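Can you make the complete structure from the sequences, with help from the hints?
Number of protein chains: 4
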Amino acid sequence: MRILVSNDDGISAPGLWALAGQLMQAGEVVVAAPDREQSATGTAVTLRQPLRVQKATPLIEGVKAFSVEGTPCDSVILALEKLIEEPVDLVVSGINQGLNLGDDMLISGTVGAAIQGYMRGLPAIAVSIPAGYNDWRDAARLAKLLAEEIKAKKLPQDIFLNVNLPELPVSEIKGIRITQPAHKTHIDSVDEGYDGRRKYYWLVRKKLNNNSAEDTDMWALEHGFISITALQTTLFRKPIAGIDEGCCKRLFQNFKQA
Amino acid sequence: MRILVSNDDGISAPGLWALAGQLMQAGEVVVAAPDREQSATGTAVTLRQPLRVQKATPLIEGVKAFSVEGTPCDSVILALEKLIEEPVDLVVSGINQGLNLGDDMLISGTVGAAIQGYMRGLPAIAVSIPAGYNDWRDAARLAKLLAEEIKAKKLPQDIFLNVNLPELPVSEIKGIRITQPAHKTHIDSVDEGYDGRRKYYWLVRKKLNNNSAEDTDMWALEHGFISITALQTTLFRKPIAGIDEGCCKRLFQNFKQA
Amino acid sequence: MRILVSNDDGISAPGLWALAGQLMQAGEVVVAAPDREQSATGTAVTLRQPLRVQKATPLIEGVKAFSVEGTPCDSVILALEKLIEEPVDLVVSGINQGLNLGDDMLISGTVGAAIQGYMRGLPAIAVSIPAGYNDWRDAARLAKLLAEEIKAKKLPQDIFLNVNLPELPVSEIKGIRITQPAHKTHIDSVDEGYDGRRKYYWLVRKKLNNNSAEDTDMWALEHGFISITALQTTLFRKPIAGIDEGCCKRLFQNFKQA
Amino acid sequence: MRILVSNDDGISAPGLWALAGQLMQAGEVVVAAPDREQSATGTAVTLRQPLRVQKATPLIEGVKAFSVEGTPCDSVILALEKLIEEPVDLVVSGINQGLNLGDDMLISGTVGAAIQGYMRGLPAIAVSIPAGYNDWRDAARLAKLLAEEIKAKKLPQDIFLNVNLPELPVSEIKGIRITQPAHKTHIDSVDEGYDGRRKYYWLVRKKLNNNSAEDTDMWALEHGFISITALQTTLFRKPIAGIDEGCCKRLFQNFKQA
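Chains A, U, B and Y, in that order, give the protein sequences. The working numbering puts the first residue of the first sequence at 1, with every later residue one more than the last. The working numbering puts the first residue of the second sequence at 1, with every later residue one more than the last. The working numbering puts the first residue of the third sequence at 1, with every later residue one more than the last. The working numbering puts the first residue of the fourth sequence at 1, with every later residue one more than the last.
Each hint should be verified, as a subset may be incorrect.
A pair holds if it fits inside one copy or across any two, identical chains being indistinguishable in the list.
Within a straight-line C-alpha distance of at most 27 Å, the following computed DSS-like cross-link-like pairs (lysine-lysine) qualify [claimed, not checked]: (1) K238 with K154; (2) K184 with K238; (3) K64 with K153; (4) K55 with K238; (5) K199 with K154; (6) K153 with K256.
By construction, these hints were calculated from the structure, which means they are not laboratory data. None of the values given here were measured: they were computed from a predicted structure.
Here is the structure:
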């Protein structure tokens, strides 16, 4: 099993190498990650500029590593389309320092990297732990278990999993829950500053203490569980009342009249 | 009705101003858009750096315009959270030069801008026409019709619509279809180059001539229809076989043993 | 006379257009400037990435304008090597908001733009006024006078002038002085901040109240004069004691022994 | 002796570590360099955005290393003003892959880094070898010799040296020459390309085969010598005919009349 490992905290992030280290027990690991932190770059892909890639010195021996001057998505696309010649069987992204829950996921570079694997038909896993929590070992170990289950076909092959772990020692974690994303997990606020010459703004995300429903990722994390959410790569919303054939006819009639 | 207009082609793009011009007939228009092209920045939000904003000279009189050194998402977040003091009723993004269909949508900055409006509880519309098609008028007019219908509550308020128009004069457009996103619309390939000193890579997206099903956005566009797709802001995939309580128990048992 | 006008405050800066407006009285004006602020980019040239250029809407009718996604140096190089087909006779950069005095000049994008003109054999002028001073008219008028003198060959053709004006009405300006750069005009200090996730540093330049000698640009500005400093495009320092043939022989002998 | 080592090829460049390795024999070495290649960024300083710094894994044990998301100048300023608490005695920049000769020097990030050391009163050395030449050892050894001479006060303390070595084994190098910068060493040309959507330009520097005078850096390199050029940090040009008191009076009179 060949596993591509990426992240959005950059190729020097300890979480990336903790992950790579564990996954080596499940298969051959190749790392392709941004050369510097790319948090919140979400699904961004670099199309207007060329990309530079360097062979990086791996922090773990035996791992081939590429450092990409680009986003997490760029790293995965380049790795799968160009840098790795042999077929890849799994993409794992993380371990992100900072939970990726609810709506938040959409702007996560960690999830973005996994999206690009899944879009290419590969199973994909994004793994995150709380910001400030410096113990990646359990998260890396869980990722390895998931990789092994995929390899052994105990898990379906067509999966894109968003995995979040609480800041707890294993003995205190209550279990694993299959969840759906909570709706609103953060609120954006905008700080203003002055650099001595001009005003600037700075986006700041503040965590919401919301009362998420019991089936959500947020609830799971707040109650000591590991959360696994199955994702897809479409924003498609099932047919909704009022957006139907009737509205099409009405709109088109008006549109033609102009 | 107050309408925020943004895009990913940048504040000088003619498509933006064609849109703003039409929407002025439906309400008060405020423009907040990236200062330079930000195509394919998708859902990216700038959290690690401050953002600079300038009052921009509007290309249409009477429109307040903000030029943001950031992504489309940054522009909409800043506008809604800080720059516009009065309540906004609708976010319209476009008119993008380049269709945003199928999976592609996820990396679209045009769609990304709309996401940030919809996440804040506002109706949101992303509008695109084919790359190279320089007639924005019909697309802008359709956006105005949609805005008027939202204002008149003929359309549901809780909507996030991805609208794509074909490169055809109105008289040849066959109608409007409510669609779902086609699966694969593009294939990435990677060009290699040399800048006189070092090698570089360049991501290139090539359009697929796929045989999309008749209910897809891609089919609609290829057959002369306007496509409207209803979106949501979650990648959540409905429960799938094998990702269930059983797998949770199994995984957790193994996880605890380490 | 064809005059290329650039700056480092970006193509929307009012100082640029005040300058262009006045210079139109001396010749044909073409504007090529960065699309966004590029202060302190000094001599930086973009070699590792391609450059994007847009025809910009000029704020003054009759002026051809190019907006460059790059540095001031990039803008001038592109304009002179590619964008302007006819020969250019003069490069004027500014009007910068922020004096460019002493050592400071080296990091100034305003001076950087002029360097690229002068390196190509053209007379070049950089013009600056104090930060926060919003009256560009007199500075623009002085630039026009200089352009006219160059055109009329009242001034030598082989010149690269760094011009700084004080924040004073014309009636209170005491005169114009030919100066040399003061040694130390600013001190860098480093602020520390925290973005909610990680520490950051921010370089801040603080003006020194130094006792500059009477022949310096700094002294001139502090005493109500306009300063004109003649520059060249080399950092070469005349032969200095101890860096001589003797040291060459000594070093080379040691070098060969290894 | 405490030596700050920086470069513009980025903290992973082998030339940087070859240099650091040799300089360890002359004193304590601290590395502060850009996290990615910053060629041709010249004197650029980042004032509009905060800077991120990471402790980097040194490629040579015992060396403290900082990776800076910024320019070479940023790296040196940050290191000297903030990151290094003890006094620094010397700044060495390189070993650059690509000669920095003549006018070219002004856009060199390698020289830019050294400028910021010299401006703070420290002896500063920039060292470069030809592009494509992968043997940094001799250049590093020469840098060590220079450092030792500075330490032993065999060389003056107030020096800023630009050192270039030819692509030759030591036995074939003819000697060391004190030179002045050749005038024109490169010519810029502009390539045009198309990214599938829009046109782009790419600046390309082409080496000139000029007939430089015998006292220049270019001549020295072309004839098998090592070149050492003494630099200063001002572009000031000695008084020139026509830029004098007479021109000041004339201009000021016209200026006042408006």
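*So which hints don't hold here, by number, going up?*
Failing hints, ascending: 4 and 5.
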